[in-house]
Amino acid sequence: MPPAPPGPFRPRFWKSPLRGPWMTAVLGTLLLMLVSIVALTGFLSHAAYQPDLGRNALVNPDLPFTTFFDWPTGPSWLYALTQGLHVNLGLAAIPVLLAKLWSVIPRLFQWPPARTPAEAIERTSIALLVSSTGFLFATGVANIQYWYVFDFNFVKAHYYAAVVFVAALAVHLVVKVPVALRAYRSRGVLAPLRAGLADTRPEPDGDTVAVEPGPPTVSRRGLLAAVGAGSAALLVANAGESIGGPLRSVAFLAPRRSGGFPVNKTAAAAKVTEEMVGSGYRLMLRGGASELALTIDDLRALPQATHTLTLGCVEGWSTRQTWAGVPLSELARRAGVSDPAELLVVSLQPAGVLSQATLAAGQVADSRSLLALRVGGEDLALDHGYPARIIVPGLPGVHNTKWVGSLEFRA
Amino acid sequence: MRERYGSSPLHLLAHLAALALAAWALLQALQLGGWQRIVLWLAGAVVLHDLVLWPAYTLLDRLARRGRPVGWANYVRVPVGISALLLLAFFPVICGKGERTYMRVSGQTWDGYAGRWLFVSAALFLVAGAIYLARSRPGSSS
Numbered sequence: 095m096p097p098a099p100p101g102p103f104r105p106r107f108w109k110s111p112l113r114g115p116w117m118t119a120v121l122g123t124l125l126l127m128l129v130s131i132v133a134l135t136g137f138l139s140h141a142a143y144q145p146d147l148g149r150n151a152l153v154n155p156d157l158p159f160t161t162f163f164d165w166p167t168g169p170s171w172l173y174a175l176t177q178g179l180h181v182n183l184g185l186a187a188i189p190v191l192l193a194k195l196w197s198v199i200p201r202l203f204q205w206p207p208a209r210t211p212a213e214a215i216e217r218t219s220i221a222l223l224v225s226s227t228g229f230l231f232a233t234g235v236a237n238i239q240y241w242y243v244f245d246f247n248f249v250k251a252h253y254y255a256a257v258v259f260v261a262a263l264a265v266h267l268v269v270k271v272p273v274a275l276r277a278y279r280s281r282g283v284l285a286p287l288r289a290g291l292a293d294t295r296p297e298p299d300g301d302t303v304a305v306e307p308g309p310p311t312v313s314r315r316g317l318l319a320a321v322g323a324g325s326a327a328l329l330v331a332n333a334g335e336s337i338g339g340p341l342r343s344v345a346f347l348a349p350r351r352s353g354g355f356p357v358n359k360t361a362a363a364a365k366v367t368e369e370m371v372g373s374g375y376r377l378m379l380r381g382g383a384s385e386l387a388l389t390i391d392d393l394r395a396l397p398q399a400t401h402t403l404t405l406g407c408v409e410g411w412s413t414r415q416t417w418a419g420v421p422l423s424e425l426a427r428r429a430g431v432s433d434p435a436e437l438l439v440v441s442l443q444p445a446g447v448l449s450q451a452t453l454a455a456g457q458v459a460d461s462r463s464l465l466a467l468r469v470g471g472e473d474l475a476l477d478h479g480y481p482a483r484i485i486v487p488g489l490p491g492v493h494n495t496k497w498v499g500s501l502e503f504r505a
Numbered sequence: 038m039r040e041r042y043g044s045s046p047l048h049l050l051a052h053l054a055a056l057a058l059a060a061w062a063l064l065q066a067l068q069l070g071g072w073q074r075i076v077l078w079l080a081g082a083v084v085l086h087d088l089v090l091w092p093a094y095t096l097l098d099r100l101a102r103r104g105r106p107v108g109w110a111n112y113v114r115v116p117v118g119i120s121a122l123l124l125l126a127f128f129p130v131i132c133g134k135g136e137r138t139y140m141r142v143s144g145q146t147w148d149g150y151a152g153r154w155l156f157v158s159a160a161l162f163l164v165a166g167a168i169y170l171a172r173s174r175p176g177s178s179s
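So the sequences go chain by chain: A and B. Numbering-wise (my numbering), the first sequence opens with residue 95 and increments by one. Numbering-wise (my numbering), the second sequence opens with residue 38 and increments by one.
One should not assume that every hint holds.
Covered by chain A, per the in silico footprint, the following chain B stretches (three or more residues, Cβ under 8 Å) [stated by the list, open to error]: (1) 59-68; (2) 117-127; (3) 151-160; (4) 163-174.
What the hints contain is simulated information worked out from the structure, not anything from laboratory work. The model shown is predicted, which means the values in this text are computed figures rather than measured ones. Quick reminder that beta carbons are idealized off the backbone N, C-alpha and C, glycines included.
Construct the entire structure; sequences and hints are all you get.
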């Protein structure tokens, strides 16, 4: 093996007295708590789309992992909560991730690159962990801000990268949890936080501890406070779009901070015209052998119900509105299927994977699930799905199909 | 064997299991349209952090601190760090990258992000300056 190249490959390059196993253990523990929630809510979002039904699957429908449960309809803000956590805790994790990488970056330049086969295979898994993490954060951050700079399908790529991430993280934990526990046992979990700047010393041993440390410029608790301030700033900048109300305008960098009732996709963008929803509009109601063609006045003449429900978007924003319309269970009865196994909803929107969605039995049966005709006491605006849209509690935003053209109840 | 491999058989088996699952996911991703871009983004994420972002902030920090007393480094790097972090995470809205798509799908206009980022940054610098001033007054405890 040739001698180490100059610069970061030489141990004397590293000066920070803060790097060490305890510092990495603390940052790693914080990061693990955040990314565990982000990963769990990400996979829950996959389940919430109910990929087993109809053409709902946005990723490969033949995946070996099927969902084991029906996504519940209560509370109505369930998806707004899980996806709000996914997006906002993902943002809050960015400074923790950067600090964690900073704490271990001398390992990137270790010389020789691998001393044993065990180290070589471990470093391969680390490369997968860091690249999948960077990929997930970069694509997620770009996607919530409508910057579709990647020329690949976001949903599929984000999903498969998450599988790589979970596999690489699991094995990283197998190897590193004992190292972190050793650091906590020998130095105490919180004891090093008591030291101010004047008492900040390098850790006694560990392969990221500087051999020639410089004087400290910040205490360990100071570093953690700065990381926490960074996370707090990102949360203040964005979380209001998820919580709604007056906080929406506080969220100074949130992509969905404009007041009022946000539109996910305008009629113009979906290529739905005034003509398509004019006097010629008919809702095709199918079930078994029968088929009914209902005008907007027919729909208004049916029994109506009013419910206040939260609509949560996969991008992390949400809105709570009071909807009025015909309960889906009522429409099922009219279609001649009293206890449907599923409901296929097709939009007038001419194209797009989300121009149709299949709902599960429990979602149709919930008394709050509506074919909404009105919102906030007025007829739906065209951009909100006039003349009729689906609203089901807890359902991901885009599955609440707008401009409904047909409903097909299946026994 | 253990000495030659460098760890226990469990270490090897755990890694083989993880690598097999990761390989399956990567093979699925390679069947997607634009897979070359996916590979580029996977590699680019590491390169951008390890060889651009980390060297840049380390170098800036070392240059900015050179020859100056330790005492005032954090009054500058905390507000600058938070401002840079906001720019990193919200670069697309601040630079209007998604503006056209957003206006098309939402029907809303898109403005003011760069201005609000600059105002918040200015506020961070002023607050840090005020704290520095308060603490460096004669008779102050620190």
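Against the structure, the hints come out as follows:
| no. | hint | verdict |
| --- | --- | --- |
| 1 | 59-68 | holds (count 6) |
| 2 | 117-127 | holds (count 7) |
| 3 | 151-160 | holds (count 3) |
| 4 | 163-174 | violated (count 0) |
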